[in-house]
Amino acid sequence: MTPLLPNLAHRLRPTFSHGVHPEENKHYTADKPITRFPFPPELVLLLSQHAGKPSVPLVKPGQEVVRGEPIARADGFMSVPLHAPATGVVKRIDLVPTAKGPRKPALILQVHPGESQEILYGAPRDVEAMTPKEIVQAVQDAGLVGLGGAAFPTHVKLSPPPGDTVDTILINGCECEPFLTTDHRLMVEQADDLIRGTRILMKAMGAPRAIIGTEDNKPDAAAALEKALPADGSISVKMVQTKYPQGAEKMLATALVGREIPSGKYPSSVGLGVFNVATVEQMGALLPWRRGVIERVVTVTGPGIAKPGNYLVALGTPLRFILERLGYTGSARYLITGGPMMGDTVSSLDVPITKGCGGFLVLRPEDLERYRVARTYPCIRCGKCVEACPLHLNPCLLGKLAYKGRYEEMEEKHHLLDCFECGSCSFVCPAGIPLVQYFRIAKSQNREAKAKAKAVPA
Amino acid sequence: MSDALLQAELRTSPHVRGDLTVDKIMRHVVYALLPVCAWAVWQFGLSSLALLVVCTAVCLGTEQVVCRLSGRASTLGDWSVAITGLLLALSLPPGLPLWMAAVASVVAVAIGKSFFGGLGFNVMNPALVGRAFAQAAFTVPMTTWTPSQAAGRFTEFIPSSLTLPFLQPRSIEAWMDRVAPDGFTGATPLALMKFDHIPTDALPMLLGTITGSAGETSALLILLCGLYLVLRKMMDGRVVLAVLGSAFLLSGAFFLWNPDVYPDPVFTLFTGGMMLGAVFMATDMVASPETRWGVWIYGGLIGVLTVIIRLFGALNEGVMYAILLANAASPIIDNLTQPRIYGAVKTAEKKAV
Chain A
1 MTPLLPNLAH RLRPTFSHGV HPEENKHYTA DKPITRFPFP PELVLLLSQH AGKPSVPLVK
61 PGQEVVRGEP IARADGFMSV PLHAPATGVV KRIDLVPTAK GPRKPALILQ VHPGESQEIL
121 YGAPRDVEAM TPKEIVQAVQ DAGLVGLGGA AFPTHVKLSP PPGDTVDTIL INGCECEPFL
181 TTDHRLMVEQ ADDLIRGTRI LMKAMGAPRA IIGTEDNKPD AAAALEKALP ADGSISVKMV
241 QTKYPQGAEK MLATALVGRE IPSGKYPSSV GLGVFNVATV EQMGALLPWR RGVIERVVTV
301 TGPGIAKPGN YLVALGTPLR FILERLGYTG SARYLITGGP MMGDTVSSLD VPITKGCGGF
361 LVLRPEDLER YRVARTYPCI RCGKCVEACP LHLNPCLLGK LAYKGRYEEM EEKHHLLDCF
421 ECGSCSFVCP AGIPLVQYFR IAKSQNREAK AKAKAVPA
Chain B
1 MSDALLQAEL RTSPHVRGDL TVDKIMRHVV YALLPVCAWA VWQFGLSSLA LLVVCTAVCL
61 GTEQVVCRLS GRASTLGDWS VAITGLLLAL SLPPGLPLWM AAVASVVAVA IGKSFFGGLG
121 FNVMNPALVG RAFAQAAFTV PMTTWTPSQA AGRFTEFIPS SLTLPFLQPR SIEAWMDRVA
181 PDGFTGATPL ALMKFDHIPT DALPMLLGTI TGSAGETSAL LILLCGLYLV LRKMMDGRVV
241 LAVLGSAFLL SGAFFLWNPD VYPDPVFTLF TGGMMLGAVF MATDMVASPE TRWGVWIYGG
301 LIGVLTVIIR LFGALNEGVM YAILLANAAS PIIDNLTQPR IYGAVKTAEK KAV
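Protein chains in written order, with the working numbering: chain A, 1 to 458; chain B, 1 to 353.
Do not rely on the hints blindly, as some may be mistaken.
[As the list claims (entries may be wrong)] Cross-link-like lysine-lysine pairs, in silico, BS3-like; alpha carbons within 25 angstroms at most:
(1) LYS400(A) to LYS24(B)
(2) LYS443(A) to LYS400(A)
(3) LYS265(A) to LYS91(A)
(4) LYS400(A) to LYS194(B)
Don't read these hints as lab results, they were simulated from the structure.
Pulled out of the complex, with its shape left as it was, chain B reads as follows (with noise of 0.2 angstroms):
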């Protein structure tokens, strides 16, 4: 009897816990994007592939450096830093220079999240962060689209993808005329629309035969991923419901209103990265409220967003700037949206006792 006191461990309670736990989540995050991924190297191809793997491996090397440098042990366990990676690939368009790739993705992880301090610190999504720093240092190369399922994708890179550092992109034109010979512009369908009012049809979209960012092009896909993860409890979909509801129905009234200037709402939720960035990255549990109400608010304003800059600004996309903007306006929703607790006495009432 002795020995069982001798070994009587104390603890507090509670004695049990669920059965989810940080690395568990991001992991299955991981799984959930592999899909995608897959289906981006489908549809473009060497580059593509390159693109992941760069980004990828950029980002696990630079969290790697990161933590030796803050004499921490390393985070890369807690697999968040490979979904910054995977994500900020995906969002890059597959001709782009992978030394590029390789800056963006330095800056997505070492400012967009080391410098905050790491998981659970960054105020805005890290991949985000990184392509904004890439669209506003490398404009041209990160709106130059090249055709999806070209020919020969599978044995040669797109021109571009081997640019070395520091020098201008390799011409893509030759190229271009080799593998789409009927006349490929080189203009995603949101820039189709937007610059020459020509509507793409919905099911190319959906299914992600058309051209755009690396895993942007096939909605359907995206969308079932996003389903595995909600399903599992390690996503919120309230949160991908938000966004793509306010963006529908606000793109719906414009197209009501003048349906010949303003692209019908459908089309707003299949193109560009609306898909992804509602699902992979609108839902960075880091960089969105927790509250009830709060996260309502935030999925709302991320979609509303999205359309204006869509119809109004001098861009064609617009999810990126609207989840950074709605990341960094996530705190104060918090703030504004505390829960009401149960048996809440009035202010007044409790003066009065």
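Looking at chain A on its own, in the form it has when it is part of the complex (with noise of 0.2 angstroms):
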């Protein structure tokens, strides 16, 4: 068990109240460092890897690109562009499946073999002289999206509604996913360019200080930031428990700086500006040199992968070519992009790595053989989704309502949409009912619904 002292000190650390503690599993890859993966033969770049518009593309079959050219316009503000991960020639356009499901419209480049695959766009340009403004622009321009996986674009995050004025940026390091360690690699390798990216924002939304935050399962990430922190004092690392789901926007500045961020308002409602660790790091690292994301380093992982690691891979790599590279053991039964808190399980390894894909988990079907729901029973009110649910909600009651169909009530009276899904309530249900499940069926009902009585009228 753990030694009393390293408890305590664990035990004073802020948090947010409720949540859970899934088993970590983060030892298959926390000390492998980041290393570069191959490119396949084969990329294929989904037009929408982000929250919004898709990209409207600017290539035509056949067409020659160079690594980092902008290859897909933005439409719109709430929209980013797309830039070539690869030297080579654009072979169409395809509809492709997505880890969601449906299939999407993507550009499938062939990459050129023996291509150096050198960055031969962008240009350096002077961060510090640049007006929120252009930062604003410049950070569209990469096509920045919230990398922890909502992949939100960053630039619209940095330009909060009239009024809000921001003046605490808090940057998420938390990775509260269990098996997952992208952001943890980062903050231990790339701190300079973390600090580079936090001092940008700052500067994007005039906020004086930022802080960033990580769970107490990574004092060497904590170690490393401390190093590279300026003199100033503006910039602070601080440690919190380590807690599913700490990651979560509102969790973090609750347990950061004891601000509440209110329920359907954006974090700069109370002075706040939350990004990922994995955001900042590339912003800090391709805003210099005028260029856009093309690639992200991804945690493939779990027992059913050869050689699990953190790997820097090229937007578009295929999970196949992911899978064929790094061998998996036995029978990999689970495919998941992201972790198995919140990650989606794919049907095809022709499913791509996007923007907002940290993880890709490999499970045989040993691996979550005890979690298996042998048999689900009736909701007994013990009140453990109650005591687990971050936001406060009666997962319970809800629960009950969704069985019997009562969605609407859900919504209005029970704050049905405040549920982020992190699915806190079905981990810890003794019962084995699939609370989480019952709550998306319960959205996209309401949402269908909605969209039906909006068509009746016209």
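These two chains come separately, so use the hints to put the complex back together.
Shown next, in the form of structure tokens:
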């Protein structure tokens, strides 16, 4: 067991109320340095790798592109451009399978074999001299989105609604999902880029201070960051308790500065800007060179893979290529993009790596066997879900309403839309009720009903 | 590679779960009850062993029959009905005729649980429903107490135990004279206190060498077994604290006001069904609230009601009715104590937006 003293230090660290403790399973890759992954013969570049409108292609089939060149432009403000992750030739624009399920349009890029793949595109610029407005534009031009998984366009977050003043930037290095270690490795290895990115962010939002929060299972990351901090004390590092879902924006705001982000509002309404470590690191690495996001660190892990590690993977690399290169052990039955708490299982190995995908988890049948719900019992009102929900919702009640199909009541009276589907309720439910799945269904049913109601009068 | 693709299985997140399941929780509650059962057998001998066996067997049988009649798969595997059987047996007087215990068991499971839809849907604790029925139907045998640690308790039954169904219980006076020649009055510490103002020492009550219902006598043992469940996160310790705390405070207040009339708070906690009720019955997950404040209100209600019934009611014991009443109130407690959600916006603000 944990020795008493470190345990006490852990307990004294800031955190949020409720939450759960899944097995961390970070040991597969936590000490594996980031290494470059080879280019596949063909890259599959989804035009919609972000929340918002899909990018619009700038290239035609047969056109040669160089690594780093923009190949699709942003379609309005709620959109970002796309850059070529490798030098090659655009083969076609096609519908391809995605992690969420439906097939979406993508550019298929044939990579030139034997090409040196140096980034020739871009030019240095002085980020210190840029105005906040220029930074917002530069961030959109870089194609930056929330690399923690949500893939929300970063420049939109940099432009808070008028009237909101941001006084503190929170950098999210919690990485509370089990198995994943990309943010961990970035903090250890790329602390300088991360700090540079943080300074750019502070300038863009006019915030005098920034706090980098990390869970206390990553002391080496905190130590590496401490060394890279600027002398003026405007940026600090704070360790918080290791607990799921600490990496959620609202939970981080509570733990780091004790502020509650009101339901349905942006963090800027309480003076905060919250960004993921990987996003900020890319900002620090790309903006001084006028470059765009073309690759990202992906933790490929799980007992089902022969060579787990943290790899710098070109966007558009199909999962099949990764599995072939790293080898799988036994029968890889569950292929999950993201972590085990919120990740999606994929049905096709043709699904490509996208900007929001920080993990690829490969599990064998035996790895999930003990988690399998052998039998679903009726709810026994034990209240464990109530004690787990980080937003203090009542999943027990919501689950019963969902079971009866009373979806509207869930939304109107019981805050269904506040649920961000962290899965803590399903995780603890001793009856094996798939609560969070019920809530997803309820949300989508409500969306459909609203769309229908709108369509009728017209 | 294609074989991996063929085997890929789709499921929804979260892909991992905690290790508690309903049957595991229920099974461990049964484990935690076993020491209490063993103590009951040590105290009251063959009769209490027979009581445990009959109640549990009849409860299991009733559940099985109900499942078959309603065309459902057997629900014996969730272990919850075994708890009902054991708890019911532990709350009955050891000399209760076995046929009466069997009737109480049928009522407990059939009416207390299955009529509502089985596990998870019962409004009240099934064991207590069975006991309440027995209390109403068989008032005299339900308040006839026999001495604990009687001589020869492992070789012969308390005579009333073996009464044939629907006949008057056999007289136990001759037997009582034989096993307890020094004049056992057949009164529990609670009855002694209420009707004669004779207090009982705390230590025997704590250890459980007094008389009373089969499994209610050792407060210490019940607490230890409950502690095990709380540490394994299979029981809500807040309910126990709320029940015992509120009962202690209220009876303490009465005691301070007039120590000649009212029993001291320690006595209140260690007598009758207080411990068994607080630890194993009030904590019935199904019939108790699930919200953070609701749990405390519910426990407090049980403690307060128990003390009021004991001090001012016609009965000398009130835990059973207190829990049943609080069970009935728990849906409304839940309704009134819905948690304040994170980042809740006041209604006025919401309208303004």
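Going through the hints against the structure:
no. : hint                   : result
1   : LYS400(A) to LYS24(B)  : holds (22 angstroms)
2   : LYS443(A) to LYS400(A) : holds (15 angstroms)
3   : LYS265(A) to LYS91(A)  : violated (43 angstroms)
4   : LYS400(A) to LYS194(B) : violated (45 angstroms)
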